[in-house]
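Colleague: Listed here are the chains, written in short residue letters.
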Amino acid sequence: MQAGPVIFRDRKPDMKNGLSKGVFLCTVLLLWLISGCAASGPKGIYRAHYGVEPPESELATLDMGAAYEAVIDDRYYVSGGKYGSVKLPAGPHRIHWNTWFGVSVMVEPSGQAAFGIVSDISLEAGHTYRLCADRTTGHGYKAYHWIEDRTTGRIVYGEKKP
Amino acid sequence: MQRRIGCKIQRGWILVCLALFAGCVHVPVSSDIVVNDELQAAPPLEPGDVLLVYGKNAPPPVQNAAVTYFTAGCQVAYHGNTIGRLAKTILKVNPQPGRFTVRYVKETKKGPAPDRAEARPDSILARLDLTKEMVSRDHLRYAVHVKESFEASIHAPLYVSPFGVASCSNKTVLEAGVWNLPDEQFLGSFTVTAEGEYTVAAYIFHVIVFPDTQRDATERLAREIVVRLADLQPLEDKDD
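The listed protein sequences correspond, in order, to chains A and B.
To convert, note that position 21 of the first sequence is 21 in the working numbering; the numbers rise steadily by one, no gaps.
To convert, note that position 124 of the second sequence is 124 in the working numbering; the numbers rise steadily by one, no gaps.
Heads up, a few of these hints could be off.
Claimed, not checked - Derived SDA-like pairs: lysine to any residue, alpha-carbon spacing no greater than 20 Å straight-line:
#: 1; chain 1: A; residue 1: K21; chain 2: B; residue 2: P43
#: 2; chain 1: A; residue 1: K21; chain 2: B; residue 2: G12
#: 3; chain 1: A; residue 1: K87; chain 2: B; residue 2: P95
#: 4; chain 1: A; residue 1: K82; chain 2: B; residue 2: P95
#: 5; chain 1: A; residue 1: K142; chain 2: A; residue 2: G126
#: 6; chain 1: B; residue 1: K132; chain 2: B; residue 2: R4
#: 7; chain 1: A; residue 1: K82; chain 2: B; residue 2: Q10
#: 8; chain 1: A; residue 1: K161; chain 2: A; residue 2: K82
#: 9; chain 1: B; residue 1: K106; chain 2: A; residue 2: S119
#: 10; chain 1: A; residue 1: K21; chain 2: B; residue 2: R4
Derived by calculation from the structure, the hints in this document are not laboratory data.
This one's a predicted model, so the numbers in the text were calculated from it and none came from an experiment.
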C-alpha cells in the first residue's frame, strides 16, 4: 500500500522534466529554423569590366536591389546573394535580371513566382541605379519591374508600382 | 495511469517537433556523372570572342495526379530551361569574367533569309540565321548545340501523405555538338550523363534525398566547355 504514493511522487517530477526538455528542444529547433531568416553580412561589390580598370569617374553603380541574379552584356554573371552592387563602365548595357516573389499556393501552386527581365539601358558615369520590383496581391496579381536612377530620382526603365 | 499520461505527452512533443520539420529536410546529393568526350582539340577563345549556345530542352515528364501523389511528387524534380541555365552557368564558372561572351540564341527553323543566299541551307550559319560577315564582325567563334533528354522511372510509389516511401530514378543526358563558326567546321561532341535516385522517406518527418541531375549535368557541361573551349580552370559553382 505504501509503494503506490512513493511511485506517484517519483513520477511527477519525471513528467515535468520530460515536458521541460521537450519545450527546451522545441525552442532550440525553432530558433535554429528562424536563424536562417536572419540578415546576412555585408555583400561585396562586383566589378564588371575586363582588363585595365577604368577610373572611378567613368563608372556607374548598379544596386542589385530586388534582383537575385543578373547577367550583364552576356559577359558577367552577378549573384545577388553575394554582391550588393555592381560597378560598370558608363554607356549602353543589356541587363538580364531575375526576381521572385513568395506567393500563396492558391495563386501559384509552387508558392513562388519568378520573373526574368531584359533591360537595355544607358548608364551615366557617377550615377547609382537600383533594380526594383513590387507586385499587387491576390488572383490576377500584377508584377512591376523598374530601374531607378537614385542620383536623379528618375525611372529609366519599366513602370513603377503606382 | 500517470506513467501512460507522461508517455503520451512525450510522444505528443515528439510529434510536434516532427510536424515542424515535415517536408523540410532535403538532403542534397550529387548525381553519378559520366562524360563521353569526342571533341577535337580546339584553339581557346580569345578576349572579346563570342560563344553561342542553342538547342532543345527536354519536355517535362508525363505524369498524372495519382502518380504525383503516390510518388510524393518525385517526378516533378524537373526544370524547364536547361539551355538558358547552361549559358548562365558558363559565365558563373568562368574564372576570367568578361574575357568572352556567352549568347543564348534560339534555333531558327525557317532556314536562311533571302538576303543570305551564300549560306547553304544545311550549314550551321543557315541554321542560326547568320552570315560570314556577321561571324567576322561580331567575333562569333564557337556554337554549341545542346540536346537535353530527361527521364524519370518510378521505383517505389508507396507514399500516402504524410507516411511512406517513394523513389524515382532521374537521369539527364546533355549532348553538346561544337562548331567552329569562322570555318563552319564541326569539331565533335560531349555527352554528359547524370543519374541519381530521388527518394522520400516519411513518417510525418520527411527526409528527401534529392540529386538534381539536370543541375549537375548542366554544371559539368559548363565546366567542360570552359576547360576545352577557353583553356581555363573553371570556378566552383557554389550556391550563395
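Colleague: It remains to establish, for every hint, whether it holds in the given structure.
Modeller: Results of checking the hints against the structure:
1. K21(A) with P43(B): This hinted pair is violated, its Cα atoms lying about 65 Å apart.
2. K21(A) with G12(B): 13 Å, holds
3. K87(A) with P95(B): OK: K87(A) and P95(B) at ~18 Å, within 20 Å.
4. K82(A) with P95(B): Holds, because 16 Å separates the two Cα atoms, which is no more than 20 Å.
5. K142(A) with G126(A): 33 Å, violated
6. K132(B) with R4(B): 84 Å, violated
7. K82(A) with Q10(B): 43 Å, violated
8. K161(A) with K82(A): 27 Å, violated
9. K106(B) with S119(A): 19 Å, holds
10. K21(A) with R4(B): Judged against 20 Å, a Cα distance of about 18 Å means the pair holds.
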